[in-house]
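In order, the protein sequences belong to chains A and B. The first sequence begins at 1 in my numbering and counts up by one. The second sequence begins at 1001 in my numbering and counts up by one.
Warning: the hint list may mix true and false statements.
[Unchecked claim] Using 20 Å as the maximum straight-line C-alpha spacing, the simulated DMTMM-like pairs for lysine to aspartate or glutamate come out as follows:
hint, chain 1, residue 1, chain 2, residue 2
1, A, Lys321, B, Asp1234
2, A, Lys153, A, Glu139
3, A, Lys184, A, Asp163
4, B, Lys1087, B, Asp1015
5, A, Lys184, A, Asp203
6, B, Lys1062, B, Asp1009
7, A, Lys321, B, Asp1058
8, A, Lys321, B, Asp1082
9, A, Lys389, B, Asp1078
10, A, Lys321, B, Glu1079
[To be verified] Here are the in silico distance ranges between beta carbons for each label pair:
hint, chain 1, residue 1, chain 2, residue 2, range
11, A, Val301, B, Glu1132, 36 to 44 Å
12, A, His355, B, His1116, 36 to 44 Å
13, B, Arg1241, A, Glu402, 34 to 42 Å
14, A, Glu402, B, Ser1225, 27 to 35 Å
15, A, Thr4, B, Asp1220, 45 to 53 Å
16, A, Tyr401, B, Arg1219, 45 to 53 Å
17, A, His355, B, Ser1148, 54 to 62 Å
18, A, Arg20, B, Glu1132, 33 to 41 Å
Since the hints were derived computationally from the structure, they do not count as laboratory data. Cβ atoms here follow ideal geometry from the backbone N, Cα and C, with glycine treated the same way.
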Amino acid sequence: MRLTSTLIVSFRALRRNILRSALTSLGIIIGVAAVIATVSIGNGAKAQVEGQIASLGQNIISVFPGTSTAGGMRGGWGSASTLTPEDAQAILTEVPGVVAVSPEMRDRSQVLANGLNWNTMIMGESPDYLSIRVWPIAEGGMFTEQDVRSYSKVAVIGKTVADQLFPDGDAVGGTIRIRNIPFKVLGILETKGFNFFGQDQDDTVIIPYTSHLRRVSRRQYLNSIVIQAVAPEQISLIQQQITDLLQQRRSGREPDFTVRNQVELAQAATETSRTMTWLLGAIAGVSLIVGGIGIMNIMLVSVTERTREIGIRLAIGAHGKEIMLQFLTESVVLSAFGGSLGIALGIGASKLMTHLNGWPTLVSTNAILIAFVFSAAVGIFFGFYPARKAAQLDPIEALRYE
Amino acid sequence: MSAIVQLQDIHKVYDSGEVAVHAVRGVSLTIGRGEFLAIMGASGSGKSTLMNLIGCLDRPTKGVYRLDDIDVAGLGRDELADLRNHKLGFVFQGFNLLSRTTALENVELPMLYGRHHVGARTMRERALHSLETVGLGNRADHFPSQLSGGQQQRVAIARALVNEPRLLLADEPTGNLDSKTSVEVMGVFQQLNEAGITILMVTHELDIAHYCKRNIVMRDGRVVSDTPVTQRLDARVEMKRLLTAEAEHQLTEQS
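Using the sequences provided together with the hints, build the complete structure.
Written out as structure tokens, the structure is:
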């Protein structure tokens, strides 16, 4: 089979009508570019969501107290006062695969410094909290286990709090007053930004949980226990072991706590963005099919218009299947060319969107491959009918065609 | 003298619509190597149908056709195409060159469809040689739209020659040309014939037929006369005569 000759013939035919070839490809170019761009945006969004989830911390399991009932009024999850620092200690020492534990207290309170005041979240934590949340210190240092044991009046503060109370930037070494108790500022945390519930994570003050319990909230029970597991695969196992341990410590009473992990949350979030990607991709795919129909249309016009040419080719010895291959090659070249250009354009558009709007985009090799193969397939599929029509022409009638 | 074309009692019936059209009714004809033959006849005489049959574009309803000792009757569509590619060269009334394609690429076309692979360089060389044969070696890169009618027809002849056919078929080759260009094109044919190429042409112009060696007249699908040309015209002489007449005409106008 003289494949090279057919290729030469096809390229010459396309070159003869550059403008039309370009316009025909345009449908595929736009279709493929749209697919690439939307999938890139979708993937970018997914990566961003995953990043935000990761910023919550690695492999986190949380224990919340159960519900309390007072005078017939049920308080909802977290309202019971049942979790103790001893529970936290037991989890760390007795459950294998637990890397770090931080007993957690949360309380909103007014904080004063430099004659300024600011209402913020006061969190009582262990020194491990920062490593659990993957939250580095920007300036200064973290309090220690020693500080926890001695109920020290020390704190690390978030960027927002630092900006509000120490506009001059001299927060480290300064003093803040919480409920009129002076706390020494040991360090400032790195900016973490908003979480995906819209809360400013930097608007916080972190003190040892013991100091929180004794000096600030004056309670005996924790708001929650934050636990870091060693690996994601072990989360459910560890979760079960924690549940068993706590249940055992409560010696047969009704469970008054819940254990949750972050994986469920992460799954829900990625599922949403994946659905979005598919939706956008499907819309873009429709435009690819429209582009394919455009190719078929032009190829049909082209076959009619070039009836005489086909007649000449047949008369001087072309086989029907060579004519067919020629037209098929033409449409595949058109769509594959359109596909390649569309891929370039799609990548460009993604980069441009990142540049202009700051949208995160992630160009995936899979999307590129699929788009290219699909566009070539469109060429074959929509080129087949016109090509067969051309191949079946009768040379005498084709030559007589005006 | 071995025969290139042997027709024995050829019939062609078109079965289109209600009435069957009997276009060719029993033609027997032998064309030998080196002949230069013109088929004449009014429209509807069956000459174009006969031409299509000889050109292997169509198959006879009845009769035996041997082209270069190959029986055409049993061949399929693709085999006929190969036969056209190897043994025949076509020149049409409307030139039928591919537009927006250079003269050279037009001439290369039959080689692209040849059963034997021809390298790009060989293809180019052969196409150029063919163009030189018809005196257009310097127009290889021109598009058909940049060439005159006579030049376009010469490109078509070059295309027909490029695969070194056994028989050159020309269907009204001068039909779209003025008289001077017609003489020019007939000159090319005479030259080729002198070089040993067998030519069969269809024409309805008597003076054009006089450039050939043998004339056949058809009427109602039958051959009614088959005569050698006695007073044969020579294109070189005719061209000289035309040019002289033209010059004289110009002189008279000036004075």
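| request: Kindly indicate which numbered hints from before are broken by the structure, ordering the numbers from low to high. | output: 1, 4, 12 and 16
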